[in-house]
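J.: Listed here are the chains, written in short residue letters.
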Amino acid sequence: MMSQVIQHEETDLVILGMGAMSGTVAVEVAKAGYKVVGLERGPYWDFNSDYFYTKYDEWGIGYMRKFDHSLSNSTATVRNNRFQFAMPVRRNTPVGQIISEGFGVGGMAQHYGGLMGRFAPWVYKMRSATIDRYGEAFLEAAVPHNDIQDWPMTYEDYLPYYKQWEAMWGITGTNQGPFMPDSDYPLPPPPVTPVGALFRDSAEALGYHPFPTPTSLASQPFTNTYGEKVNACVYDGWCGAACNYACEMGAKANSAYRTVPAALRTGNLDLRLNCTVFRLDTDESKKVTAARYLDAQGNIHVQPGKVFFNGLWGFNLIRLMLLSGIGNPYNPASIEGSLGRGPAMGAGGAAVRGVTGTLDNVGGNSYPAGNALGGGYAMLDLADDNFDHTGLDFIGGAYVIVGSYLGGGPNNFGLYARAPSPNMMGSAFKSSIKDTFLPQKLPLNIRPNGMWPPTTDWFIDLDPHYVDKYGDPEPRLTLDWGMNTVKAANYLAQKYVEILQRMGASNVKLTDPVLTEDHMFAWPAHIRGGARIGSDPKTSVFNKWQQCWTSENLFAAGEVTDPVGDNTTTGGTHPAGPGSYVAAEGIKKYLTSPGSLT
Amino acid sequence: MSTSEKDEKKTASTKKEPDIGRRNFIKYAGVGAAGFAVATVIEFPLLNNQVQQGNQQITELNTKVSQLTSQAQQSQSQIQDLSLQVNMDKGFITLGFDEQVLVEAIAETIIPTDAAGPGAKEAGVIYFIDRQLSGDYGKNANMYMRSPFIMPGQSGPITVDGITYPQGTPPVPYHSGTQYQYSIPLREFWRAGLKATQAYSQSAYGAKLETLGNDQRLQILKDLYDNKPATFNEIRSRDFFGELIFMTWSGFLMDPLYGGNRGMVGWKLVGFNGTNYGQLYGEGLDTKNLMVSNKPVRLQPASLGQWQNLVGLPGGGQGGDT
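If you read the protein sequences in the order shown, they are chains A and B. 0 is the number of the first residue of the first sequence in numbering that gives the first Met the number 0; add one for each residue after it. 0 is the number of the first residue of the second sequence in numbering that gives the first Met the number 0; add one for each residue after it.
It cannot be assumed that every hint is accurate.
Cross-link-like lysine-lysine pairs, in silico, DSS-like; alpha carbons within 30 Å at most [as the list claims (entries may be wrong)]:
| no. | chain 1 | residue 1 | chain 2 | residue 2 |
| --- | --- | --- | --- | --- |
| 1 | B | Lys287 | A | Lys440 |
| 2 | B | Lys294 | A | Lys508 |
| 3 | B | Lys267 | A | Lys433 |
| 4 | B | Lys207 | B | Lys120 |
| 5 | B | Lys194 | B | Lys207 |
| 6 | A | Lys433 | B | Lys120 |
| 7 | B | Lys294 | A | Lys440 |
| 8 | A | Lys34 | A | Lys588 |
| 9 | A | Lys468 | B | Lys138 |
| 10 | A | Lys587 | A | Lys124 |
| 11 | A | Lys285 | A | Lys34 |
| 12 | A | Lys433 | B | Lys287 |
| 13 | B | Lys120 | A | Lys65 |
| 14 | B | Lys294 | A | Lys433 |
| 15 | A | Lys508 | A | Lys486 |
| 16 | A | Lys228 | B | Lys287 |
| 17 | B | Lys267 | A | Lys440 |
| 18 | A | Lys65 | B | Lys267 |
Because the hints were derived from the structure by calculation, they are not lab data. Remember, predicted model here, so these are calculated numbers, not experimental data.
One chain only, chain A, in its complex shape (with noise of 0.2 Å):
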C-alpha cells in the first residue's frame, strides 16, 4: 500500500514527545475536560515486563542502548566554535558523546539519574544579583561574553509550582537547607551510606550545611497527586551512573508512572505511539495549524489543533521550530535573534578537575544503592552567591555531593574503558581491578559541576552537511566550557581537599586541569537553555508562561527553556519540573480566552 495523507479533527491541545514534561501537561489539561492527542515516536515500556525482567544487562544498556533510540535514524554534530567543521556523533561510546534522547512514553526520564534538588532564589535572578552586589565589570572579567538573564519570575514565583511539581513526581529529602527556603521534601530520604554520614558530620564540623542528596526514587510506596501508586526503590543498584538503567519498580520517576496513566484514565487523551512529528504548520500570522508526523507505515498525518505544546527534549525542539520556520534564529555573527541562542552544560564542568583521595576506615559494598547519588550528602555552601565572591575571578560555585558509591551499581565500563590506554594491559592493571565492587578502602573522586553560564558565542542551529533519515538537517551544537567553569573547578577542588582531609582520607590529592582534548566530554547529554525564558522577546523564545512570543499557541517547557542555562545545583529535571505546570496554567489560560498572556 501506497503511504498516504491523513487529515485530523481538530482536536484542543496537541503534545510532541511524551516526556516529563508533557505528562504533566497532559494530566493538567485533560483533567479540565479538553480533549488531548499526544505523539511520541517509541513504545510504551512495561517496567514490571520490559524493564524487570531484560534490564539488568551493562553492554545491551549502557552501550549497545537496547531501550534508546537509535542513532542510525538520527544524531547531532558537535564543535567548540564556529570556525570549526562539526563532527556527527555516529555511536555511543562509554567515554561519553552519548546522546541518550528520549524513546518511548516518559522519555529520556526513563534512564536518567534521577539527582533532584530545586535551583535556588539566586539562579533566578543571577545577572542582576550579581551586578547589584559585584558590578557590571566583574560579571564581563568572570565571563567574558556571557549571554546570562535573569528568569521571568522568581524562586518565590515558582515555589508553589515546585510544591505541585514535588508531590507529584515523588521527591525524597527532608530539605535542602537554609540555602533553599521552604523546602521540606514529601519524602523521606533514603538510608545513608556509611561515607555518606562521615560527609555529613566532617562538613558540619567545617561549619557547612549538609542535606541528605534529593532524588526521584521513592524511598516508600506511596500514592501521588494523580492518585498514582508508586513502588519503592529496592536499592538494588541497576540504576542511573553511567548506563542509565531504566526503573524496573516504577520507583524512579517519570512520565509514564506517574502522569500519563491518569491523562489516560480521563479518557480525554488519545495517545499515539510510534508516531513521528517532523513539521509544524503555521498560517500568516504565525500561529501552529496543524502537526505534521509519520505513522509506523510511513503514512504522513495531519494533526489540527488550537494549542501545541513542544515536548521534545533540547536540541530535538530547537530543530522542530527552526524546520518549520518558526521563531527568530540565532546568528552569532550579529548577537541577534533568540532560537538556538544561549545553550550551557548541565554536569559537565564535572570534568574540569577534582580531588581523589582514599577513605581507610570506610569500605563497604559498592553495587547496591548508587542510584541519584541516592544515600549520601550534599551542601549548598559552596554553590551559587553563598559565599562572598570578592576578590575571585568567577561566578557561581557548585553542589558538593558526597556518599554514594563510586560508578554506582554495575557500572564495569567505569573501570576500564573510559578511555583506552596502554596501562590497560597486563597483569599489573589486572590485580589493581580485583575486589573493586567489594572495596576495603574506599577510593573517593569528588568532582565539582562546575559554572557553566551561557555566552554569546554557543548556540544551536541547523547542520549543513548532514542530515537524519528521512533527509531533514540534523541538529548542530557549537558549544565549549568557557574559563569561569575552569577557575571555579580550580577554586572549588581546593575546598574539597579539606573537606577529604576533614573525613580522615589518605592520599589527597588535586587531579590534573582538564586537558584542551577533552572539552567535548560526555555532551550532548546534559545540554541546557538554547530555546529560552524571559522578559525579553528578542533575547527569548517563550514568555513567562512558557508560550512562545512570536506563535502564541506554542507552549513548552524543560531543561531547553533554561534562560541561565546553568548548572551549579542538580541535574535539569527537577528545576524545568515547574515550567511543565506553568505551561499547562497557561494553556488551560489561553484554551478559555486566546491571545498573549500576560
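Please arrange chain B on chain A, whose structure you already have, making use of the hints.
T.: Just chain B now, kept in the frame of chain A:
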C-alpha cells in the same frame, strides 16, 4: 526442548538399544551351549559339570559384553551431546582461522591468565568478540552512517561541500562518539586492523604475533596506540587499539549471555554480584543493610540468564535450548 524432556528421551534411547543387543547375544550363546549339552549330558557327567561351568562363564561374559556395549553406546551418545555443546559454545560466526589465532593471542596479552586468576582465555573473550562482530556492533547497526566522512585531527582550513572551516575539525576525546568517522562497518575495520597488526609483527620481529613472547606482544600493542606501525593504511592503528581494549575488557566483564565472561570469571575478579542482591541463592540478605554496611560482603554472582531462570516470571524463565 526442556532439559528434563531431553533427559527423559536420552534415558529411553539408552535402554532400548542395549535390549536388542542383549537378545542377540543370548540367542547365539543358547545355540552353542544347547548343542554341546545334547552331546555330553549322559555319558560324561564330569565333563557335563565343566560344560555347565563353561556355559555359566559364557553367560557371564555375555552379560559383561552386553554391559560394555551398553556403556559404549551411552558414552557415544554423551560424546555426541557434548560435541554439540562444544559447537554451540565455541563455534565462530565470523572470525576466520587466522583471525581467531591472532585475536586470542591479543586478548590473552591484554588479560593474561595469572596468579590473580583466569584471564581472557578462560572467559572466552574471543567468542564475545566474534558474536559482536557478526551482529549489531560489527554492522554499525545503531550508528549514524551518513556522509560526508571527515576524519578528525585536521587542523584546517578544510572545505566541505563548498563551505570552508578555518580551524578544521574540533578536538575529539579518545574513543568518544565522534572519533569513529570511518565509512566502513566495524567488522571490516577489524579485518583491516588485524591484518595490519600481523604485518607489523612480521616486519618488526620477523614472526607472527602469536609466536612472540609477552613483552614483544605488549610492545606491539603499545606501538599501535602510538600510531607507529607503517603497515596501517586503511585505518589508524590508535583507533584500532582503542577497539581492542574496549572489546577485550567487555568480553571479560559483560554478562555471559553475550558469549564471554564464562563462569563469570571476570565478575569474580572484580567482586561484582551480577544479578544477585543477596537473596537469589537463599542468602536472605537485604540490600538496604548491604548499602549501609561498611563490611564488604562477597556474594556468589549470577548472570541475567540465571536470574531469569530463578525468578521464573511469566513469559519466560524456562531457559534451556527451546
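J.: With a cut-off of 30 Å on the C-alpha distance, tell me whether A:Lys508 and A:Lys486 pass.
T.: holds, 18 Å
J.: Given the hinted pair B:Lys207 and B:Lys120, is their Cα-Cα distance within 30 Å?
T.: holds, 19 Å
J.: Can you confirm whether the C-alpha distance between A:Lys65 and B:Lys267 stays at or below 30 Å?
T.: holds, 26 Å
J.: Would you check the hint for A:Lys433 and B:Lys120, treating anything up to 30 Å between C-alpha atoms as holding?
T.: Given that 30 Å is the threshold and the Cα spacing comes to 18 Å, the pair holds.
J.: Check whether the Cα positions of B:Lys294 and A:Lys433 lie no farther apart than 30 Å.
T.: holds, 17 Å
J.: With the threshold set at 30 Å, check whether the alpha-carbon distance from A:Lys228 to B:Lys287 stays at or below it.
T.: holds, 22 Å
J.: Taking 30 Å as the top limit, are the C-alpha atoms of B:Lys267 and A:Lys440 close enough?
T.: The given pair, whose Cα atoms are some 18 Å apart, holds under the 30 Å limit.
J.: Mind checking the alpha carbons of B:Lys120 and A:Lys65 for me, to see if they're no more than 30 Å apart?
T.: holds, 28 Å
J.: Regarding the pair A:Lys587 and A:Lys124, is the alpha-carbon distance no greater than 30 Å?
T.: holds, 28 Å
J.: CA of A:Lys285 to CA of A:Lys34, is that 30 Å or under?
T.: holds, 23 Å
J.: Check the hint pairing B:Lys294 with A:Lys440 against an upper bound of 30 Å on the C-alpha distance.
T.: Holds: B:Lys294 and A:Lys440 sit about 10 Å apart, inside 30 Å.
J.: For a C-alpha distance cap of 30 Å, please report whether A:Lys433 and B:Lys287 respect it.
T.: holds, 24 Å
In the structure shown, no violation is registered for any of the earlier numbered hints.
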